[in-house]
Every structure is written in structure tokens, then in C-alpha cells.
Amino acid sequence: MIAWWVAAAWAGTCTVFDGADAVYTPEGPRSGVTVVVADGRFAAVGQVAVERVGAEARWSGRTCGWVDARGRQLTPGLIEANGQIGLLELDLEPATHDDDGGGDPIRAALRVADSYDPDSVVVDIQRVAGVTAEVTHPSGGLVSGQAAFVQLWGDTQAEAVVAPSVAMDVQLRSSPSRAQDWSDLAALLDDAAFYRAQRPAYERGATRELSANRLDLEALIPVLERRVPLVVGVDRAPDIEALLRFQRQYGVRLVLRGGAEAWRWAAALATAQIPVIVDPTVVGPGSVDQIAGRADNAALLSAAGVPVVISTFGTHNARNLRQYAGNAWRAGLDHDAAVRAITQAPADAFGLSDRGRIAVGAVADLVLWNGDPLELSTWATAVWVGGAATPLVSRQTLLRDRYRTLPGTPAPPLSLPK
Amino acid sequence: MWTILLAVAWAADPEPWPFGEAEARGLLQVEPEPVVERPAFLLRNATVMTAAGTVFAPGYVWVVDGKIREVGAGAGPDADATQVIDAAGGFVTPGLIDTHSHLGVYPSPDLRAHADGNEATAPTTPGVWVEHSNWPQDPGFRRALAGGVTAMQLLPGSANLIGGRGVVIENVPTRGSRAMRFPGAPETVKMACGENPKRVYGDKGGPSTRMGNLRGQREAFLAAEQYLAKWQAYARDRAAHAERVARADKRDPAGDPPMPPDRDLDLETLAGVLTGRFLPQVHCYRADDMLSFLQLAEEFGFSVRSFHHALEAYKIRDVLTAHEVSVSTWADWWGFKIEAYDGIQENLALVEAAGGRAVVHSDSPIGIQRLNQEASKALAAGRAMGLEISDDRALRWLTANPAWTLGIDVLTGTIEVGKRGDLVVWDHHPFSVRASPRWVFVDGALRFDADRPDPGSDYLLGQEVGP
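Residue numbers (my numbering), protein chains in the order written: chain U, 1 to 418; chain P, 1 to 467.
Just so you know, the hints here were simulated from the structure itself, not pulled from any lab data.
A couple of the hints might just be wrong.
Result set (SDA-like, lysine to any residue): computed pairs, CA atoms no more than 25 Å apart in a straight line [unchecked claim]:
(1) P:Lys-67 <-> P:Ala-79
(2) P:Lys-337 <-> U:Glu-93
(3) P:Lys-337 <-> U:Thr-409
(4) P:Lys-337 <-> U:Ser-60
Rough simulated footprint, nothing fancy, chain P against chain U, three-plus residues with beta-carbon under 8 Å [as the list claims (entries may be wrong)]:
(5) 79-91
(6) 209-223
(7) 248-254
(8) 333-343
(9) 364-378
Everything numeric in this text was worked out from a predicted model, so none of it was measured.
C-beta atoms are modelled at their ideal positions from N, C-alpha and C, and glycine is treated no differently.
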């Protein structure tokens with residue numbers, strides 16, 4: 001994290017964004033709209049009385065910064081719903097991994113927020129490209145642990161971690177048979193419910209043996225109480241069918257991750273209002289679970305009324321979210337729905353109603369683009385997180401600038417000391 | 001015609017090549033050449049992006065007998081016996097060419113028994129041919145075709161210091177692998193620097209270090225030099241013997257013919273590199289690793305044709321340009337290992353701006369389906385840093401430059417008269433995220449039509465689920 005930019009300097013300030021070609025609001029893209037950010041949140045969006053005074057603007061009796069957004073499009077900051085930023089720096093270097101708790105397949109008590117690294121260079125590299133937040137997930141086991149909602153700005157875990165526990169991650173295929181996974185999962189939720197009802201007896205040691213330890217069972221209670229969704233990674237249609245059955249039986253909240261064949265269960269997923277996190281570039285069989293994958297999966301799901309979230313399913317190139325959404329657009333998803341699928345939809349799926357939208361009261365994560373945000377010829381010209389303008393500097397921009405002229409390194413010798 | 005020219009060019013090579021007959025036997029094709037109809041056609045009312053310096057808007061392309069007869073501005077000729085195809089609003093580009101694919105050798109879906117890309121039983125296996133691993137029923141070929149890819153290089157993986165021969169194929173359905181070969185393309189050889197070989201062999205007898213990598217490669221080329229010299233001596237002896245036979249009589253008999261040396265498939269491949277016939281395709285990430293490998297190439301007197309992945313090419317773009325090495329890389333992959341830590345999105349654009357040959361490769365069954373998007377991202381990164389790069393130059397990253405990398409640039413890679421009718425008609429500008437191929441032609445034959453359902457590979461029959 002590049003620390004020399006002092007975000008705190010923006011606290012208690014306000015900024016007016018004026019004249020944007022388009023502002024992507026929850027009602028869709030709007031033109032002729034002024035956006036005011038005050039004290040880290042959107043304070044006004046629409047026809048706002050603003051008086052321009054030199055390089056500043058008067059709004060509601062306050063003197064605010066003024067940003068000329070003409071020729072720009074404004075979107076909420078993009079949100080990667082399914083990555084491992086801050087948990088994974090180099091895939092082939094285990095010393096840089098914190099995503100997989102290892103050992104027992106049940107790791108419900110594991111919170112990735114506790115190992116989140118806000119200094120990872122991966123953070124800036126995504127943010128300079130307009131990705132302002134991510135749901136960062138554990139991996140491995142059957143119940144991998146708790147995913148965190150992090151903003152890609154801030155020098156400490158306290159600053160960066162917005163919500164430490166927004167979902168409980170489940171990954172099928174931890175046993176040789178999916179049937180065994182469902183059975184293990186059912187036993188686990190039954191035991192968590194039993195534990196919740198029988199805590200005093202449990203503490204006295206007067207209960208039967210349970211399928212997980214105390215901390216894991218404790219961590220599953222928010223799932224039973226529908227305060228936190230289970231995120232279940234499945235692609236194959238029959239697994240989605242089984243998941244729907246499981247959901248009816250246990251009444252838990254769900255987020256479906258993967259869903260290459262989810263279009264086949266679009267109606268049922270819509271009825272249950274289960275958000276589906278899809279990768280629109282999965283076309284055809286990458287694995288035997290994705291044989292019926294289609295380019296228009298997102299479009300079909302959206303048309304059926306399923307909340308669609310688009311993800312890169314990656315960490316280092318979460319910055320390609322726009323391209324992924326663009327591919328869903330190419331395959332028939334509405335442009336506006338595609339933008340929503342990388343902004344508001346992931347925030348909603350993980351219960352953050354004040355992120356991912358340009359709406360009064362929401363946290364001011366926003367990006368200025370020099371063109372259509374889904375087009376590849378477009379880039380971010382300004383990125384604001386929590387109402388603060390953030391520097392468009394990353395390890396990669398520094399490498400670029402160092403090698404703008406050769407030889408880059410080695411640098412010329414130092415001048416002699418005075 | 002071009003094939004003959006190529007053959008002539010090779011025959012004029014100063015370095016004698018004693019393996020011609022033997023190689024030809026290894027390349028015999030059993031599968032009958034399919035009869036392909038190539039009706040003449042005229043693409044009209046489209047923006048024609050030639051990748052040769054000109055954009056015709058609107059323009060036309062006239063293809064006869066599979067080859068480009070005419071290209072230009074306006075509506076084109078009124079030719080009898082030529083079907084006119086109205087490409088209104090479309091964009092015509094050369095067929096895309098991927099210099100780095102493992103389709104067929106690591107096919108989709110990912111199945112254990114189909115992992116045929118790395119002969120990871122020894123670090124140096126130049127004698128294997130990726131052609132012999134290629135499964136033509138990989139559904140990925142048709143997915144790539146739907147993305148406008150008309151030719152590609154299939155490569156062995158990077159587990160080995162010298163992984164074996166690659167093969168340049170045209171993206172057409174065949175029953176066997178041999179029939180996919182791109183006619184007139186030279187042989188290619190895959191080699192690798194850096195982390196992969198030492199990781200794979202570190203606990204299997206080595207190499208376990210970068211210095212071990214270089215030793216392994218140098219030893220292989222030393223052996224190949226001796227092998228080549230032995231065979232060249234044999235060729236000279238045989239020619240001398242033939243001369244003696246021609247003027248022999250009873251008083252002065254010709255004597256016994258010389259005995260050929262033993263053949264060694266590994267060393268024969270490397271001899272192809274040493275003589276400049278086979279094009280080295282070298283997997284290498286770091287700038288210093290690439291420089292070490294160039295040093296090795298200088299030592300043994302061959303040229304590296306392309307560094308693949310080459311995430312740090314931008315750091316040595318002057319050297320790569322001077323040595324005429326193309327850079328085959330992704331738009332933005334990085335971070336999967338420490339030798340991929342310094343990748344930047346401006347890499348391709350910086351190589352281009354330095355006068356080098358930039359190539360967008362996929363190395364991925366997903367990426368190969370939208371190579372145009374990858375080029376577009378890399379172009380945007382270059383423009384964002386202030387580099388002035390035309391669409392035509394960036395289009396060459398997908399067409400003319402990979403064609404050069406694979407030694408087929410006289411045959412394809414641009415829309416120019418006499419070249420193969422390898423063409424894509426896009427529904428939007430190819431650098432838009434919305435662009436999809438409407439029609440794809442390979443050697444003048446229509447192979448993909450967005451309005452007609454693709455028959456798919458055998459593997460998908462009875463498996464795929466329709467809407």
C-alpha cells in the first residue's frame with residue numbers, strides 16, 4: 001500500500017462531480033446529473049444546486065472541491081465478489097498464501113479478515129483500474145471459513161476490512177463423492193442447531209459427540225439464523241438441483257458461486273432469489289462440470305429474475321471485471337445489468353446495502369472513466385474510495401515509469417556527496 | 001507457389017541439411033487430404049483492416065481459389081461466378097494466429113488421461129513431437145475458431161528445458177493430427193528457462209537451479225553440434241561415393257558406400273535449430289533469463305524466434321528488437337509466481353514502440369476464444385501511457401507478427417493479394433468488447449458462420465444440453 005497519500009485529509013470535506021456524460025445510478029445510467037460527496041458518502045445525486053467558485057463549488061452552504069467530470073462516465077467502484085486479494089500474493093509461493101486453513105475439512109471459525117494484508121501489491125494494482133472492493137474468500141476443505149468484505153484502500157486491517165464476516169464458504173468435492181459432501185454438510189448444520197439449543201448441556205459435557213468443535217459450531221449460528229449466507233461453489237446442473245433441495249430443507253441463505261450450468265435452473269433460482277456469481281468467459285467444457293456452459297448464462301439468469309453477480313474468479317486480475325461484464329453484455333445481458341453485476345449486485349449479495357451504488361447515503365466509492373466503462377479502450381481516470389481520492393499508483397505503474405526510458409535499471413551512478 | 005519458394009529458400013541455405021529424406025518419411029500423411037470446395041467470394045460493404053498499413057472503409061476483399069485476388073476501397077469488381085457477401089457494418093481482418101496454444105494436448109475438459117503436453121520423464125526431450133499428442137476432437141479448436149483463430153502453434157509444455165517440437169496447424173477439422181499441419185510452415189522447437197524445469201526436476205535428478213538449466217541446454221546443443229557434424233560428414237562422403245560410382249569402372253571400383261551414423265531423434269531436432277531450419281520458441285519470463293538464453297543462442301549460432309510469456313520484455317525491448325526476437329505474451333497476466341511478478345499491461349505496447357514484434361498469445365483454452373479483446377486491452381494500456389499506436393499496428397499483434405513468429409508470414413497474416421483467404425468478418429470493431437466473428441474463412445473456405453449452429457466435436461455429441 002502506498003502510504004504517502006493521506007486519506008484522512010479528506011475527512012470532513014465535500015466534493016462536487018459535475019457534468020458527467022453518464023452517472024450509473026440504481027435507476028440506470030443518467031446524464032445531466034450532479035453528484036455530491038460529503039464526509040465520505042454520497043450526499044446528493046441529481047439536479048443539485050451548486051455554485052461554481054473558481055476551483056471550488058458552493059453546495060448547501062459548504063465550500064466543496066469541484067471535479068470537472070465532462071467527458072467522463074461515473075460508476076460506483078467495482079466490486080470483485082470472489083477473489084483472494086490480500087490472502088494470496090504469488091500462487092506458487094506458499095509463504096505468500098493465507099487462503100487455505102488446511103487440516104480439518106470444517107473450518108467455520110476461520111476468518112480470512114485476520115490474515116488480510118492491506119499492503120499486498122495486488123491491492124493497488126486492482127484499485128488503480130477501478131476495483132475498489134472485494135469479497136475475499138478462504139479456500140479448501142468442505143467449509144472453508146468466513147469471507148470478508150474489504151475495501152482496496154487503507155493501511156491497516158481496521159481501515160480496509162469493512163465487514164469481517166459476510167459469508168461462509170462451502171466447496172463441494174472435498175470428499176470423493178458429492179453425496180458425501182451433502183451428508184457431511186447436513187450433519188454439520190444439524191449439530192450446529194443442536195449446539196445452539198443445548199449450550200448448557202454441551203458445556204457440562206452432557207451431550208453426544210458433535211461433528212465439529214465448539215468454535216466452528218458457534219460460527220455456524222449466523223448461517224442458521226440467516227444473518228450470513230453460505231457461498232457454495234458448484235457448476236453442474238444436478239449439483240445446483242441438490243443445492244436448491246438443501247436450501248429448502250435448511251432454510252439457509254445462499255449465494256451460488258460458479259454456476260456454469262445455472263441457466264438450466266434459472267426459474268428455481270429466481271424464485272428462491274439466490275444470487276449467482278458467474279464467469280461469463282466460461283463457454284464450453286473447462287471441466288466436466290461445465291459441459292453445458294454458455295456465453296449467455298448471465299443473460300438467461302438475469303432475464304429469469306436471478307440476481308446476477310459477475311466475477312473474474314481470480315485475484316491478480318480482478319481489474320478485468322469490466323471485460324468479464326462486457327462479455328456478458330456481448331452475449332445479451334443489458335449494459336446496465338452488466339454494470340450492476342460488478343457494482344451493486346455483489347454488495348447486495350453479501351449484505352452491504354451502502355456499497356456499490358451511487359445513491360444518497362451510500363459510501364462514496366466511485367470511478368471516473370474516459371468512456372464506456374465496459375469497453376476495453378476505456379480506462380479509469382480517477383478512483384475514489386470512501387470519499388477519498390486515491391492515487392493512481394501501483395507497483396506496476398512504478399515499473400512502467402521506471403522503464404519508460406531504457407535502461408531503467410541500472411540507474412546512473414550517484415553524484416558525489418557534497 | 002509459396003511452398004516452392006520456401007523450399008527454394010531452404011535449399012539455398014548455406015548450412016547443409018542431411019536429414020531431408022528422413023524427415024520427410026516422418027511427415028508422411030496417411031489420412032487422405034479432404035476435398036475442400038473453395039467457391040470464389042467477394043466480401044463487400046465492410047471496413048477492411050489489412051494489418052498491412054491500410055484500412056479500407058468501406059472496402060472489399062475478393063477471394064478466388066482460396067487466395068486473395070484483390071483487396072481495396074469501394075465495392076470491388078463485378079465478377080462472374082463470384083458470390084457477393086454483404087458484410088454491411090462489419091469489419092474484416094486477417095484470421096487470428098495464436099503462437100502459443102496447448103489445445104489438443106491439454107484438451108478441454110480437463111481430464112487426467114488427456115494431459116499429453118509435458119513429456120516430464122527427462123528434462124531434455126527434443127525428440128518428441130507435440131503433433132503426436134494432439135487430439136483433434138478437443139472441443140477447444142472449434143471454440144477458438146468461433147473467436148476468429150484460423151491458425152495456431154501447438155506447443156509442448158514448459159516442464160522441460162527442451163520440450164520437443166511444436167507444430168503449426170490450421171484450424172480445420174480433421175480426423176488425425178497430421179492433417180492439421182499448416183502447409184508450408186517450418187518446424188518449431190519448444191524450450192524453457194527459469195522456474196518450471198527446475199521445479200519439475202529439482203527432486204528428480206535435476207536441474208534444480210537456473211545454472212543447472214543452462215548447463216542442460218548447453219550440453220544438449222554441444223551434442224547436437226557433434227551429431228550434425230557427423231551427419232554432414234556422412235553426406236559429403238555419400239556425395240563423394242556417388243561421384244565415384246558415376247565414373248567407376250572395373251579397374252577403379254567405387255568401393256562400398258559409407259555407413260550412415262545412427263539416427264538420434266533428440267539430436268536431429270536440435271540440428272534443425274542449429275541449421276536455422278527449425279524456429280526456437282522459448283518460454284522465458286525474466287529479462288535476465290532471456291538475456292542468458294540469448295547468450296546461449298549466440299554461443300551455438302542460432303536465432304531465437306520468439307520469447308514466450310516474456311513478462312519482462314519491456315525491460316530489454318531494445319535488445320529483443322536488435323536481435324529480431326518476437327515477444328509472444330498476454331495482455332496482463334502476472335503474479336502466479338515470482339518470475340511473473342514484474343509483468344505490466346504496457347509490455348506489448350512498449351515492445352511495439354521500440355520497433356519490436358509484439359504478439360498476443362493465449363496459452364489458454366479460454367483466452368484463445370477472445371484474443372482480440374486481449375490485444376485491445378494491451379493497446380489501451382499503451383495509449384493510456386501516451387504511446388501512439390494505430391489500430392493497424394495493434395492488429396498485427398494478432399496476425400502479421402504471429403505469422404512471422406511461425407514462419408508463415410509469406411502465406412498469411414495480412415490481407416494482401418496472393419495470400420491465403422484466412423479472414424474474419426466481425427460484427428463490431430474487433431477491439432470492442434462486443435465484437436464477435438460473424439464469418440471465419442480458413443484458406444478461402446467458410447469454416448464458421450454465427451447464424452448456423454456449430455456441429456461441435458465428437459466429444460460433445462449427446463452431452464451438450466440445448467436451451
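Checked hints:
1. P:Lys-67 <-> P:Ala-79: 15 Å, holds
2. P:Lys-337 <-> U:Glu-93: This hinted pair holds, its Cα atoms lying about 7 Å apart.
3. P:Lys-337 <-> U:Thr-409: Satisfied, since the Cα-Cα distance of roughly 22 Å is no more than 25 Å.
4. P:Lys-337 <-> U:Ser-60: Not satisfied, since the Cα-Cα distance of roughly 52 Å exceeds 25 Å.
5. 79-91: Three-residue rule met by the stretch 79-91 of chain U, so holds; n is 3.
6. 209-223: violated (count 0)
7. 248-254: violated (count 0)
8. 333-343: Coverage by chain P is violated here, the residue count being 0 at a Cβ distance below 8 Å.
9. 364-378: Held - the stretch 364-378 of chain U has 5 residues with a Cβ nearer than 8 Å to chain P, which meets the minimum of three.
The earlier numbered hints that this structure contradicts are 4, 6, 7 and 8.
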